[in-house]
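Trainee: Sequence:
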Amino acid sequence: MELQILIIDDDQKLQDLLQEYFHAFHWRCQAHLSGSGVSEMITEAKPDIILLDMMLPHKDGLEVLREIRAISQIPIIMLTARGEASDKIAGLESGADDYLTKPFEARELYARIKAIHRRLQPGPKLPPDDIPLAALEFQGLSLVRSSRCVTSQGQSIALNDSAYRLLEVFMSQPQVVLDRDHIMNLTHGRDFIGYERSIDVQISRLRTILKELSGHEAAIRTVWGEGYMLCARSDLK
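In this note's numbering, the protein residues as written are 1 to 237.
No lab work stands behind these hints: they were computed from the structure. Keep in mind that a hint or two might mislead.
Distance ranges between label pairs, derived from CB positions [said to hold, decoys possible]: (1) K211 <-> H182: 21 to 31 Å; (2) Q155 <-> F104: 33 to 43 Å; (3) K102 <-> S36: 16 to 26 Å.
Result set (DSBU-like, lysine-lysine): computed pairs, CA atoms no more than 30 Å apart in a straight line [to be verified]: (4) K59 <-> K13; (5) K13 <-> K102; (6) K46 <-> K13; (7) K59 <-> K102; (8) K46 <-> K59; (9) K46 <-> K102; (10) K211 <-> K102; (11) K102 <-> K114; (12) K46 <-> K114; (13) K59 <-> K114.
Glycine residues also receive a C-beta, built at the ideal position from the N, C-alpha and C atoms.
Kindly produce the complete structure, drawing on both the sequences and the hints.
Mentor: This is the structure we're talking about:
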């Protein structure tokens, strides 16, 4: 498995350490000390995943993250020395797929990258009776699994990997209450080692996306003490 990694971090020593570590696995790396010109970086590097520092010169990591999300849904792992919950939530709400606090073991970062990349790969072929529906429809929303395309009344909706997988889980089981652990297992796998409350942040972000879109009636309802449920907007009243 060869991956192209884009590292945006102003810590030169960390850049060198990560590049040396990843090269042992035949991963290719491009590294930059700031987020200036990030769109050109992405065009040139064509990365499979981006490692983005929260605290950068000139532009902070959140601003760079939002710039990336405006043009691409490439998976992003935030790297930062700031470990407060509010910082993690800000990163996840802005579109990060994972969040790792410095200092960290390179082996843990490697495991997180592999986990994200594994989730993006096509699953094994299933027996005919177990093949999931190719397309899901609910209250004006449409999700096509083969193309990972989500639309509302024909209008395309841009979702990063985490938001897409979360919506896919809800649309696979509409009107069913799903608890946090079940959602986490279906979206991240049982070996997930990310921020414990990240699923709540991702659900909040997806809920906001659905609220802001017209042409559909889908909504995510909190069922206190039990979990979350995809329902019609009228059910929230």
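Trainee: Each of the hints needs a verdict: does it hold here or not?
Mentor: Cross-check of the supplied hints:
Hint check: K211 to H182, Cβ distance near 24 Å, so the stated range 21 to 31 Å holds. Distance hint check for Q155 and F104: the Cβ-Cβ separation is about 40 Å, which falls inside the suggested range of 33 to 43 Å. The given range of 16 to 26 Å is respected by K102 and S36, whose C-beta atoms sit roughly 22 Å from each other. About 20 Å separates the Cα atoms of K59 and K13, which keeps this hinted pair within 30 Å; it holds.
Simply put, K13 and K102 have alpha-carbon atoms about 13 Å apart, close enough for the 30 Å limit, and the pair holds. This hinted pair checks out: K46 and K13 have alpha carbons roughly 24 Å apart, not beyond 30 Å. Straight-line distance between C-alpha atoms of K59 and K102 comes to about 19 Å, which keeps the hinted pair within the 30 Å bound. Distance restraint check for K46 and K59: the Cα-Cα separation of roughly 22 Å lies within the 30 Å cut-off, and the hinted pair is therefore satisfied.
Of the pairs offered as hints, the one joining K46 and K102 holds, with about 26 Å between alpha carbons and a cut-off of 30 Å not exceeded. Among the hinted pairs, K211 with K102 is inconsistent with the structure: their alpha-carbon atoms are about 35 Å apart, more than 30 Å. Only pairs whose Cα atoms come within 30 Å are accepted, and K102 paired with K114 is accepted, the gap being roughly 19 Å. In summary, the hint linking K46 to K114 is supported, as the alpha carbons are separated by about 17 Å, within the 30 Å threshold.
Proposed proximity of K59 and K114 is supported: the alpha carbons are some 28 Å apart, at most 30 Å.
When each numbered hint is compared with the structure, a violation occurs for hint 10 only.
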